[in-house]
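> Below, each chain spelled out in residue letters.
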Amino acid sequence: MDYQPSILVIDDEPIVCKSCQRILSDEDYNVVTSNDPVKGYQQAINKDFDLVLLDLKMEKMDGIKLLSELRMKKPEIPVIIITGYPSKESKEESFKLNVSDYITKPFMPHDILEPIRNIISNPLRSFKDDVIKTPEIAVSIPLKKRLLKKNTAIYFLHDDLDKNIYGVDISEIEAYVQDIKGIQAIWHFPDLPLNDVNLLADKIKENNLERVIIAGNTPGLIKNFFTRAMLAAGNNPNDVILASFKDYGAIYKSNTDRAKIILLCALYGLFFDLAIQPDQDLIINDTLVIGGGIAGIQASLEIANSGNKVYLVEKSATIGGHMAKFDKTFPTMDCAACILTPKMSDVGQHPNIELMTYCEVTEISGEAGNFTAKILRKARYVNVEACTGCGTCATKCPTKIPSEFDEGTTLRKAIYIPFPQAVPNKYLIDTENCRYMQGNKCGACLKACPVDNCINLDDKDEEIEIRVGNIIIATGFKTFDAKRIEDLGYGKYPNVLTSLEFERLLNASGPTSGKIKLRTKDKKGNWIFTDDFEEPSSIAIIHCVGSRDVHYNHYCSRVCCMYSLKLAHLVKEKLPEASVYEYYIDIRAFGKGYDEFFRRIEKEGTHLIRGRPVKIEQAGDQLLLRSEDIEHDSLIERKVDMVILSVGLEPSEDITRLSEMSGIPTTEDGWFMEVHNIFDPVNTYSGGIMVAGACQGPKDIPATVAQASAAASRVIQNILKKKTKKGIAYLLLEEMEDYANALYERRIADYERNY
Amino acid sequence: MREIINPDLYVNLKQFGAKEWNDCYQCGNCTAICSLTESKLLFPRKPIRFLQMGLKNELEACLEPWMCYYCGECSEKCPRDANPGELMMILRRYLTAAYDWIGLARRIYSSKTWEFVLIFILSALVLLLFIFFHGPLTTELTPEGGVQLNVFAPANIIHIGDMIMAGLLSFFLLSNIFNMYLKTIRRKNIKVPFKLYIKELWLLIFNFAFQWKFRKCDARFYWIIHLLLVSGYVTLFVIIVGFLTWFQTDQIFEWWHPQRIIGYYATITLLLGVIYFIIGRIKKSGERSKYSHISDWTFLVMLFLTILSGILVHIFRITGLPMLTYVMYVLHLMVLTPMLMIEVPFSKWSHLAYRPFAIYFSNIIKSTIRTENSPSECT
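Residue numbers (the numbering used here), protein chains in the order written: chain A, 1034 to 1788; chain B, 529 to 907.
Calculated from the structure, these hints are not laboratory results. A hint or two may mislead.
[Unchecked claim] Dumping the calculated BS3-like pairs for lysine-lysine here, alpha-carbon to alpha-carbon at most 25 Å:
(1) A/K1433 / A/K1493
(2) A/K1672 / B/K568
(3) A/K1525 / B/K605
(4) A/K1759 / B/K741
(5) B/K818 / B/K568
(6) A/K1090 / A/K1107
(7) A/K1672 / B/K744
(8) B/K727 / A/K1672
(9) A/K1279 / A/K1256
(10) A/K1493 / A/K1525
(11) A/K1648 / B/K744
(12) B/K542 / A/K1648
(13) A/K1138 / A/K1093
(14) A/K1433 / A/K1480
(15) A/K1648 / B/K727
(16) B/K605 / A/K1516
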């Protein structure tokens, strides 16, 4: 410790004073002695001492009288009575006056040093000095050095019999807390069996325990054992405290520091989130929403409607995301564009939403409540204010490229609008494919455009900085690349499509205006869909492509069963004579109206086959599928005209970049890690940054919209309170210790004020 | 029909090498990719389902495990890594133990002690027989310079021993096959017209000789090597059981003489086959070689040692080294006897009978059902 505790010795025998002085100064205490009780009393009141050693039998003033008067002026100062005439009455009276100890003379140095040491380091006895002594004068006692108020044992609940707690490093945590005074025992799960209450109670009594702390990932599982044992040992059964690592996201080895602090807080009776996630002022009310799919749109609208400003940043040229590509949505068969475009135009027109499309967030700095985000506005080469969306430029553009929005089923020009209902409904130039941008002569669009100063071929990328208080990340997903499974022939056979390609085919704004046709080749050998080709008479839909598979993604992508059924329904609607075969492993129809939808599809005559084909082979003009029909105990080899692969959902390509930028880690599957999957799915450990939608995990549209609203409500809460929570993802061990110290000291100060 | 399930069925299979059985989520990928599956012959998913559900009787009545030649494609394509190929291998061991009415097979598969003690007992028996009954250890050579092996071990006496062993083997094997018939056709209560047994007999012989179904597997090279090995084995078996006195001669013929050529052919094919399979298991090159149970190794190793000792007997005999010849001959018989007596009726080699018979029985059942239209079960 950096300061020497000071002790006042009041005894009218000089020898006692001298010997006390010698004993105590040897131990580096600051000793002041007084032979005169009256003078000693004055000193005790006027100066700050950590402890007073008081004799009882003094001529000038009785020790008990001195003590009672001292207690009126300084009720909290620790006092140890040293007397040569011990008696039961004086002992009782002294303890009534709240002395810490009663020692009889003559005493050995040890008899007096032990109690003094205990008292000096016990915070409750000397907290007042801590509060008065500001950090410049004396360093406050770090939490770990303080004596625990109750004798405690720690029980580590391991996750397996090999003594692992998944994620954090147990030996480090144990080493961290080992030296704290007051810990009587540290136990580990397999060594101390739990089912024998009496054995546990004996151990508790043996170690003089008053409290047990259970530390682990799910300590609540065994709380009952200890509660019963404490009761059997005659202790307060409520003194069983849980230190749960998983609850605060300490689930990786890199979070071992956080786990240490979780245990530390439990030891000292602090709430971890109160200590480590203190509130922070929300400096700026504006919010940044990254991602313009349905999640981003919903969240922006919710926040904007509450009267606060939102920056909605979307990296493609239009908002709408994947939902804009769908034809109909399950289970109601609502047209996706019909329910999405009103929201999209709301966003476009909302006074509180600044829509930044064709922009990417490149850097996030600052802290919760006060972020600075750098945004790269990519050059559109078209003036967004001036463009009327007439489309004349596109008719003159000579370059044709497969359209990304249409999943390659149609061709677009180099100057293009992603789809007719795009918001903003403005054109842009694709530099990689534009002839002029690649150095060749062109400029057809410029010549054709009827508006002056609309197309600007010298446009440049721009970097913008914005300041926001909260961020919501809603960057969505990408579909599994079916080319990775060679056996399925995607990319090899023209009539093997992914579900998204088929959605575009079905859509009225797709290549065939919504008619289902077989894919064929054009004169140059490219694969195209045309209006005037044949229709398929049989279509097979294969589930679980890239999902539920240890070789690709082991999770279930949740939405594919439902959208496969939806596609079957739409095929039956448009081609009533066609046969539709659904090859599945299980049917996951988990939501509201989903199972009823499944029954409806069954009744429509779709053949639902439990059993998956592994290979797709060409058999003449058709595709051959060989699979088991498990429910009918047979093997079927079927030839169909077209196969649709129900591809799963994967995290988007730039999730690594986003993760580094925001500090939000990704879980094993690659999706963003939320604070708690069940209780807090929108919050993250990076303060002030929330996640919403499919980027947190694959989900259907109703769940995405709900989650986006939830994230928005959290943001609005922060804006109303003018406070946000500090993020703990980046905190170092020392910083967390400081926070815990500070909370502890604040609590003591409160205690002092109130009592 | 009420069926009592056996919840401990999996525990039984652990002794045959099964580690995981619950990973399979019944997607049917394995059945779809297998080139040998047909309607009414669905595997590996279906037997694994019986295993998961504890349907012991159904499993014992199942002929499907014998239809599989372990190309390993199912294990490659399984999305759960449930290892259906290896589970089929384990089921084959299980069925071998189930058909064996004596109970030795189960012990041999589950306990290394039993296996090695039995090998030791049989080897010791052979050794003792030689110690007490061997002919004179003559060091006189034949006019051609060869060892007079038939003085030490007269071929006609050895021949008697051969035939006793063949008789015992056949008895055990055939009785086990009868047990297989009881558990499969009889248990399913399928009334098979007797003529059908005769009609389909050609199939039994054809498959036994040529493993015709095996060639449908994608690993055709494996079928060819196996076929060569079988041809070598069959040749030697026929010669030794039928014509030992002609084969075990002290004369040294020219190398192109049938007695030598046939012997060389058999030896080379056997050797190549065994070495190919051993290397496969050491390098774990394909799915089928990744998991080796102790029974897999004892089979290969004993066969290899038999071939090796046989080669050495031949070399020592024609180069005129009497004592070495006699020693090597005894060793040869000490390895050969346990190998045949244990492996053929009670362990891995039983597949030489069970596979063709399984194909035979399943065809009989299929034809019967076709004519009778009775409900289909696991054939």
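> Would you mind marking each hint as holding or not holding in the structure?
Consistency of the hints with the structure:
no., hint, in the structure
1, A/K1433 / A/K1493, "holds (24 Å)"
2, A/K1672 / B/K568, "holds (20 Å)"
3, A/K1525 / B/K605, "holds (20 Å)"
4, A/K1759 / B/K741, "violated (69 Å)"
5, B/K818 / B/K568, "violated (29 Å)"
6, A/K1090 / A/K1107, "holds (21 Å)"
7, A/K1672 / B/K744, "holds (22 Å)"
8, B/K727 / A/K1672, "violated (35 Å)"
9, A/K1279 / A/K1256, "holds (16 Å)"
10, A/K1493 / A/K1525, "violated (40 Å)"
11, A/K1648 / B/K744, "holds (17 Å)"
12, B/K542 / A/K1648, "violated (33 Å)"
13, A/K1138 / A/K1093, "holds (20 Å)"
14, A/K1433 / A/K1480, "holds (18 Å)"
15, A/K1648 / B/K727, "violated (37 Å)"
16, B/K605 / A/K1516, "holds (16 Å)"
Checked against the numbered hints given earlier, this structure breaks hints 4, 5, 8, 10, 12, 15; the rest are met.
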